[in-house]
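Peer 1: Listed here are the chains, written in short residue letters.
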Amino acid sequence: MWLDRSVCAVSSEIVRMSPDLALGLVAFNSPYLFGGKALRSQLTCGACHAKDGASGAALRLRMRATVPDLRGAADRLDVVAFLNHAVVAEFDGPPLNQHTAHALSALTGVLAPFSADKAGMCKVDGASLIEIGLQLAIFRVNAADAGTDELGFLLDSLRFILGEMARNKPSGVPTALLSETNRTLHDVMLAIEDSNGSFALASLQRIFWKWEKTIDRPHFRLASGADSAHD
Amino acid sequence: MIRATLAVVVALLLGNGMARADDYGADSGDDAKTQNQLLAEAAMARGNWAAALPLLEAHIAGHYDDDEAIAELGNVYSHLGDTEMALQTLKSALWMNPRSLEANLYLGEFYVRQNDRTRALERLAALDRICIFGCGEYRRLKKVISSMSATVR
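Which chain is which? The protein sequence lines are A and B, in order. Residue numbers for the first sequence follow our numbering, so the first one is 1 and each next one is one higher. Residue numbers for the second sequence follow our numbering, so the first one is 1001 and each next one is one higher.
Fair warning: there could be bad hints in the mix.
To be verified - 30 Å max Cα-Cα, derived BS3-like pairs, lysine-lysine:
1) LYS169/A x LYS118/A
2) LYS118/A x LYS1143/B
3) LYS1143/B x LYS1091/B
4) LYS213/A x LYS37/A
5) LYS37/A x LYS1143/B
6) LYS118/A x LYS213/A
7) LYS123/A x LYS213/A
8) LYS123/A x LYS169/A
9) LYS1091/B x LYS118/A
These are computed hints drawn from the structure, not numbers from a lab.
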């Protein structure tokens, strides 16, 4: 998927984004927003809305309601209410956590317009999502401001993205790193459930550094918090 | 041989339920059976387990090797409070396909309802092994188990 120029101002090949936008990106690519058949099919927002790297309409599903171009909808809809309706009424999912709903709303405002010229825009691929998600996890564990459910959603969503990368070779990331990251996120979740935040934080930082050395630029950075994790 | 044996087992498990399914317009055509399954899923989504039961039984009568549907049938029995049929049916589904996400999930939830944390955790561990990169079934069972009282066995 592609993000608009407004958030892709690059300095030293680094794109900065807010934790909210980072959460929106992970949630957009998570199957755990939905319930019922959508969950079984591991359907994500991105599976339908970002086929061409933009916010194009859904391609695979017959919906009861018209599926709008998300970027266009962001300017004329109450996006949070729309998202809640889509998740609960269309996909039998649980009511959205308000933090996640606002994060997704923030994302819709910066998705690259459908069929737009991509000059100056930035592409967020699977590896970028992992880099962004790991920083967000470090940020939230470090700040100790997220509940177990919220961290579980984040970490499990990242594991799903890793699985997609493993299935859709070549991802440009060594299989060994995908496997190690998957195991690490699994163990981090267990540590969080055992209130072992220091182990969780150290494990996340260690695996984040490995991704830093592996993936192509540009690198994505959270606007606060996680910078200290790698500097 | 295994499937033939299982057909007998499942038929025995289903008992009179197959006859009741005719009340919902089941016939021998594949389309009708698929419709039964769809209607059963809709009923289950609404928590209408009594309505789902004959529909699922009718579907399985023509698809006795559908381990997912058999697991769903076991889950329906469990919700209706028929613990003996629930356990037998869920174990049948798991025997047919030990890697079945539905069978492991529903059997785990069955054990949670029976306050048997140890066996529920065994199903959670199985889902953890099956879902290499995680899955919704694992997340759901984990959440249900975590809500159990610490005093149960």
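Peer 1: Provide an ascending list of the numbers of those earlier hints which the structure does not satisfy.
Peer 2: 2, 4 and 9
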